[in-house]
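Put the two chains together into one complex; each comes in its own frame, and the hints tell you how they fit.
Those sequence lines, one after another, are chains A and B.
Position in the first sequence counted from 1, then plus 43, gives you this note's numbering.
Position in the second sequence counted from 1, then plus 6, gives you this note's numbering.
Simulated from the structure, these hints should not be mistaken for lab results.
Model, not experiment: these values are computed from the prediction.
Virtual Cβ for every residue (Gly too), placed ideally from N, Cα, C.
If we take Cβ atoms under 10 Å as the criterion, some of the chain B residues that face chain A in the derived model are:
| id | residue |
| --- | --- |
| 1 | Val883 |
| 2 | Arg1008 |
| 3 | Met1010 |
| 4 | Pro1015 |
With the C-beta cut set under 8 Å, the calculated list includes, among others, these residues of chain B facing chain A:
| id | residue |
| --- | --- |
| 5 | Tyr989 |
| 6 | Val996 |
| 7 | Thr999 |
| 8 | Met1000 |
| 9 | Leu1004 |
| 10 | Lys1016 |
Listed next, with one range per pair, are the computed distances between beta-carbon atoms:
| id | chain 1 | residue 1 | chain 2 | residue 2 | range |
| --- | --- | --- | --- | --- | --- |
| 11 | A | Leu207 | B | Ser799 | 36 to 46 Å |
| 12 | A | Leu219 | B | His819 | 48 to 58 Å |
| 13 | A | Phe76 | B | Lys899 | 30 to 40 Å |
| 14 | B | Ser1012 | A | Phe142 | 52 to 62 Å |
| 15 | A | Trp217 | B | Asn991 | 34 to 44 Å |
| 16 | A | Leu89 | B | Lys899 | 35 to 45 Å |
| 17 | B | Phe545 | A | Ala255 | 49 to 59 Å |
| 18 | A | Leu89 | B | Thr764 | 42 to 52 Å |
| 19 | A | Ala255 | B | Ser799 | 52 to 62 Å |
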Amino acid sequence: MQSNTTTQFLSDWKTEIISSVVVLICIILLVFFPVQGVLQDFSKYLLFLFILPALYIKLVLKKDLRDFGLNLQNPRLGLVWAAMMLVVSVLSVSILFQFFDFANKYTIPAYLGTYFWAFLLNELVLVALLLFINDFFFKGFVLFTLAKKFSLASAIIQALVFVLFTLSTGSLDWHLAPTIILAFTGGIATYKSRSFVYSFLMSLIFMTFLDAYIIHIFK
Amino acid sequence: MHFIKKLFVFVLIFNILFSMSLPYALAETNITGDEVGNAVRDKLMAAVKEESGASSTETKNTVQMMNTARQKKEPPQVAITFTPTNPTPGEKVTASAIATYFMNDPNVQYYTWYLQHNTGKPDATDSEGHKTKDGNTDWNNDKRIDVEDYKIEAMRLIANGGFDWQQALGKDAPLCKDASVSADQKPAYCTLDNQYKNKTGDDDSYKAVIGGDDQRSTPSKNEHCYLHNFSSGNEYEFPSCEHLFPNAPGETTAGGDNRFSLKEEEFWRTNPASKDTAGSGTVDEAAVAGLGKFTFNWNYATGDKVGVVVEGISVEATGYQDSSYMTMWALPKNMCTADPEKTKREEAPSVVTEDPTYHLTSPLETTPILDSATGLPKLDPITHEATYVNVYYKSVNETVYTKTYSDGPYVIADHGTGPAEIVTITVSTQTKHYKEDKTKVFAESLDGSGYTYLSDSYETVNKTEHPELIGYKKSDGTYATYTTQELADNPALSAATQTGKIFTASKGVQSINDCLMANILEPSEGAAAQKMEINLSYFPNAPVNSIGDNADQLNINSSIVSEGNKDFLNYAWQIYLSSDIAATDKDWHLLTLPETGVKKLSGIGLDSLQMKLNFTEQFLREAKAIASENPNLFYAKVVLKAVDGVGAKKKEGVGTVIIPIQMSANSLQIFSTTVSDTLAVSLDTTTERCVTAPDENNLDAITCPVAKNEIMGAKFIVEPDKLKDYEFLWSFDNKPIAETDKNIAYFPILAERNTPHTLSLNVANTVTGEKTSLIKNFKVTDPAIALKSVNLSTCAPTLLGFYVDPINANPDHEKDGVNENMWPDLSDNLFEALTGETIEIKPTLNPLFHKNEAWFLNGEPIANSGYENKTWFFDGVPVTPANMADLGITEIKDDGTLVFVAEKPTGEKYNITFGSLYTQTNLVKRALNATWEVPQTAFYEKNVSQSIEIQMTDTLSGSRVIGKARTPQQKIMASLFSAIPSYINFLFRVILTMGLILFLVRTMFSLFPKQNRV
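The shape of chain B in the complex, shown without the other chains (with noise of 0.2 Å):
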């Protein structure tokens, strides 16, 4: 025990003297208690954020945003929609209200509608005495037209819905005291007694709530009205809150007297005998105050507008401290100006900064020490002179905050409350110069010091002619000017050296009333569309440009969104052609309409649009629409403008579209294939197949003749550098070709004769994305011989007539001695040869497939040489090498040209005849069977032969001579003879030698003796 308590004691005075000791200890260090503190704190501080994983810089950023969510939240907002958007004069029309971010149901909010008229008419007076002007009128008789009468306008509407008020009124409804107005015109209810003079009773008064009706509550919440700044974010407190209803002329709607006299029925054209009207479901005088009227009714006039101001609760809290929400009003367009940021009170007291420093005057000022006495200069007893000394300024920066205050009763302040007053603030920093008084200098200094200001007279300096006196002086005694990173560190020091910043405040805002001709719209204004929206879509997706009949149809189909009937759009397109997707406007060349092929490009209803793409190259190149570095490629854009309507209610809208246009199949050839021993199939490239020849007449550039069991090839040209950049997909009448190796296809033909077949490429650049589409069209036709003169001088064929082409004309015409459109038609297999002339006769192929097949005389196949002369018949006997010379043949040349010379006599004739069984080569067969398994019973063989009759003649009809030369009945008989059919002239042939050889016989019996007949 005796330990314990000198142990305590102990204690106690080592803490004493501990604490005596610190301050000292500390101060003998230089370190104070609050850096003591401050130390402690940021040890504590960095302790908790480096265990927290807190960085310094996100946390400043998160108090940061916090400091300015109160500003970023969303005000209540209110947007109108007309229904229909462009409406006619007379049309019924309905404005919806749409209001955002309110905290009660719209059902609970007051929607305070205003309709203005814009009708031109000059000021008038009605026949009641209100005064008119443009078709608005001065309900409430204040001698002024105003929203107060727009406001009634409207919700007279609303509340009156459609009841005839005229009728209530009885004899004191205007129609019936208008004395002009004969008895027996004026209606019936004319004898009536006026119902609004006659109280029925009818108990259809309402009293609203600040902030809609939800907020009814007894004891009733306390009521604070604000205006958001939609710049700043902040909401101001208005002193007092009211609502923004239409008032009859001498009463209160529903915002204090909760009743609504007859009077009021009366001016509002309500039914005096229902509570509701307009069977709304609310009572007349709450209809009046707009409770639950989001929507709005009214027969349009050209002009009108349209408004309305809706009033409810904000979800915004307020900051007093009771169960209170901001009771705010929402305008369609937000336009409320008030700048309170303008307007804020400075409450700050000028701010003076005194640079204690003295400062020697530039150009340096003297002056003379006083005698303390008599106040003049002290002059030197001997010298009798005054003793001067330098003048020194003393530079005194001032922030000088200049207020005017207007006399306005309005208050605009932060959150709370304030005193009432907008006040204009000029705020500028001065820098004064304190001069000494020459006057009061006593005693003299070297460095200024020891003068005492005897006078607060100042002159203001301006900065820019004397920056020296503004800045401080430096260690070394130079004088400088605060740099910004100085004035940056220490705002006091930035402040007092601010120049002038003039704030002014505008007039601000008395209520909410004085903004809502701000926010009146026009139906057409509230609508998206004074422009239409074009959309432009074609047909097919990878167009063609080639030459024929078979050129693909572009198809361009619009599509509008309007109101109106698209029927009686006007449409107007155009169309232009280049070479670059990306030119300039005046680098696409317009096509003209006939250079479109179309009928017509403008007009109502013409909403689509086709076009046949069978551009020529020559035109293409001529409009510069095609390049010569990608000949194969051009684009056509498409412009369309749809117009609707005229003047004000016009509608207009442009769609482009710009269509890539791949030019024709010259990218994609046919070839013949032939096929090896090992069954490999490779291209014929020596002759390419139905090339599109420069004649556009050419029909087996179109589509392609190919016989059965052929096997076709095809390639897509394309540079072999280029070919990895490619992606194929080869079709065969919409099936997927499975024998390709990348641009080259092979198909085998299995259809029989005139079936129609399509072979599709797609092809896709992987490097710049280009697609294209080609096609090419085949027909399956039986392999046939023709067979042609080689020289039409010695053997032509035989002249049969003329026959007329529409379309074309005939170059030689005066030649044939026939109109222009008249062309000669000559027989295939009847020819005419000059007597004692060499005649050639060639066989050709139609078409041109000569390769694989292979030739069978008497059922003995022929090696594939091609033409041999055992293929040929010449009056009906089969040539062969043994009786060329005695058939007076002289050769057959290698292409199977039969030469020899005609020795018939005139008017013979000569049969020839070329063909025999056409099959393809066993190679081909096999291959066919083997790759695409057709059976070997199925292969296609067909007696393929053609003749022709030749005739000796003297002069060849196809010199056109001898036409010319006959005579017109010789002419006459010929035209018939020809114009017979052949069959009707043989049977003519047979019957009459029937008929000769019957009559022989006849004869020959009846010169025979007489039979015996048993």
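Isolated chain A, as found in the complex (with noise of 0.2 Å):
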């Protein structure tokens, strides 16, 4: 009886638990794999937490990546939800500038603030890259992962999951605290709309409005 319990809830939970142990690989990777350089660096970004992810989703679990929110269907619902949430993470980071003096703490580098080319650059290419990876495997891989047996929590378990990565890596910072917001309010979002995608965009144009913001009141 207990062996069916036991049968039945790993029946149950085969997906959830062996995505969960991928997840913990890939962050386990992600942090300990030796790299030298950048762009090793990089590569193991993309590699760990968008290529892995990915095969194992094709290959393992034999699924569409559409399933795990790289779809633009609901356009509507994710356009609204994204900007309400869009809404939600100003107020907070407004709320971060007002009482935390985060203006000061959070810097950028000079040169972002003197070219507008290497602002578009950065901006544009370096962070909307790093915040589709990020978004893919967090608010991709590991919330639709989780969202079939926790619901709306997966949006926070997600958001807690990459809070703790972050911690785990020792650069828990100021600069980071804009992307824990989005963390949360983009996996709402994206929960909501069933796709990362307005989670992306909305995060990209609050990043990018962000940093001209701290560009602009420093000049």
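Here it is, written out as structure tokens:
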């Protein structure tokens, strides 16, 4: 009987358990895999947070990536929720500005403030890429792995996983505060719209305007 | 009325009495009429001088100049130029005569050219029977080859003007009459008649006028012809005027007959059917006379010589009371020797000066008194002895002119006419002493007076032997010779005491014709250059000698004035070095070809030279090119010899230039700077940057690396007490630097990475006039950190392999077991360390500018203490004082060196990172903003870090032992893996890892119970 329960549990939670193991492995590899140089570091990010989960989804789970948020279904819903979460994010970060002197703690490289082309390149390429990979892994892979069983809580759980991951790398500082805010708000938008693409766009807009605002107040 | 008459009578009587008595009055007072007149005159002259302000000296000078002005006038002259100046045989040469100081135009003057060949051919006879020698022909058949033949040779070419005279001769042409030539080989004109035998009626006669064609007038002008003496400035008139034209045998050209016969046409090879054969605008006879022919063309042969004599009217008028000016001839060399001064005929008779005083002879001579009846010595009646009296001499100085006359028919005289004679004149002054005739003394006189000269016999006495006889008796009874001043004051006395002065005349000048051969020129003789003028110039203007690839290249260019093809000039360069610009020849060190570093120093067309100025100080000292007192300057003397042609046609020249060369920027020092609280910038002289090291491969010394937003300082080395002698001009990228303090300048680096900058300094020494230009190159680089192991015996960089350096040899190549040009390639971020040993890793900023940066950690600035433990990351963990012990770190030294004991076992690794954000201090930023207006948002920041990986090992590969012990297969595999790019290696590992994970996950999926899919 007990074994039946266990077997049943394992059977019911097979995907979630194994996917969680994969998530854990990806995060562990991301943190501990030895690299040399920026290129390898970035490649590691791409491989372990995007390629490996994608391969797992396609080869092991034999599912479509669209099922893990990489789609544009429900555009209306997605945009509405993205907009709402954007407002929440802005309000959150304004609290940081107001009460935590966030403006002086959030520094960006001087050349981004000097050269507009550098700013554009940074936001539209570098930041966009990192956000996409980040969103695919956490709001796509992790969230939709747990969505069936945890519903809306999966959005919170993936955000918490992100925070834990950040903590484990020891790079938790004020620079990551906007990303942490977006982890929560973006997760909700993703869950509601069944797509992390709108969350990604919302994050991109948010980060761009935040950086622009920081440059503006220091000029 | 009665009263007036009385008054008139009274005045008349008064005047008579006055005039009668005046001479007596003057006589009484010893004043003569002349003296009165002279006194009046002198007073008048003095009054005039005073009134006019005239100076006696200047008046005399002016009069003297007027007296000699005539002799200073320029006589007619002529110069010949040849084109080309250095002709080759067969080349057509144009000789141009430029006549000056004639009053009439060149077009109306007569130019008589003469051409002499010098072929070296022996005496011969041509086909027409003319005597030939040296390429010259006796055209006038006078049995000699002289200047008349040379004139004919030249003027014939002018008159002929290229006309085919042989064709005009027709069947009488030499070629046609040559029996050795067959009929079919003879030219076609051999069938034609001789045109010179049929008069066709061309009127090409011409009558020349003395002095030039413009002197023609009716009635004709008087002719006066002169020769100028270039020494005295005088002109001497010829007895008659004659042209110097060449003549055909038996004919007179243009001088008198006004007839140009067919025979003359044939002789001169002119066209019998044309008035103007040469087409030059003058009739043929005038062409032969040389009317306006100031150019002459001929085909040059080796040894040819050419001359010209120009007849025209001088600017100087004659002394005759008519309209005549002097007709004169100009010669190219003005060589026509005639010294009429020496041939001046002395008209003066002998001058005899007799000293009335009788002198005793020495030794004393006596003579008996004679009986006037018998003429025998008069004997005393008692003693029957003669009475002897002293013999006296009377000195007579006589200037004797001994004239000898030649028998020449010519005359040279002063202005005006004169007798025709050339004399040889011997002028001597002889002192004759008349001695009493012993037989004629009739009465005794103790003082010699009363004796009568009865004889004019005399003997010449040598003045040197009897000086007492030359002079005068003084009041004290002694005799003395005249002093120089006395002689100068009394010219007659001077003439009387001159010793023999002999003048001899040369034969003199018969006519200008005799002077022609002395005035002949060779074309290359007239050209200014058998010497070539060579000018050398160099660039840069202030070259600097330095070590390395960036040394100045000295470019020396030559400029040669030469008509030849410069590409075929033979150039030979020589370069000397010395420490003294005024060194003697032996003190200049001649550089050999290898020492110059150039490919060749001599050859054809080598008109420029490029030489790298990278002499080492040691070489310059050995060559004694630099002196201890001024080791920063030496001199290079560049000598260029260029040669064109060979033999007689050879032209050569030498050019020299001395170039001062500054030694490299030992004189210019580069420093970092410090900024005070008052934003004053000063040099940080603790460490000099970009020092020129003895090692020539020190790249920093050549291009100094700097970082953006640095404020750099440069200093020119000069002794403080000499600073005031210098003027400085600092420039940065060709813009003057404003922030300077004499020999110190400050300049900020504001450009982006890889931007080159140039600092230049022009220094002028106001005392010595020496000028120096110094340049320092900079390049903007990003600050970077290098981590080095302090103790290579415990931790050493990993040996990646060997690379080939074809230039430098590896001194340790035998130890490494490789060829001498192979060097070990060591990694910058992979190290090996021995387990259990103490490892020291030292960070060094590259370039060395660690003073003004600020270190940040996680956004927090660290105080400018340099290196603190917060900047180290040990295996990914930031080092803090709290965790140093846990991490196994022994200490972090003041210079930032990380010291730890490598406790990890063999095979394991340490990851060490050092660095953070680099930017300038606030003081520097404020200085940049205040002084150089750098906006506050434009300050430069850079994340600077360096990571290394230290692998624990038992033996260091740097010792090369393992390398030798490895098997060939291991070597290959090691090489293979070290050769594969690390990224591919990384990808390989990642792919393997991912594959493994996917496999495991798939396996897990299989192991888990099947899911009930809903």
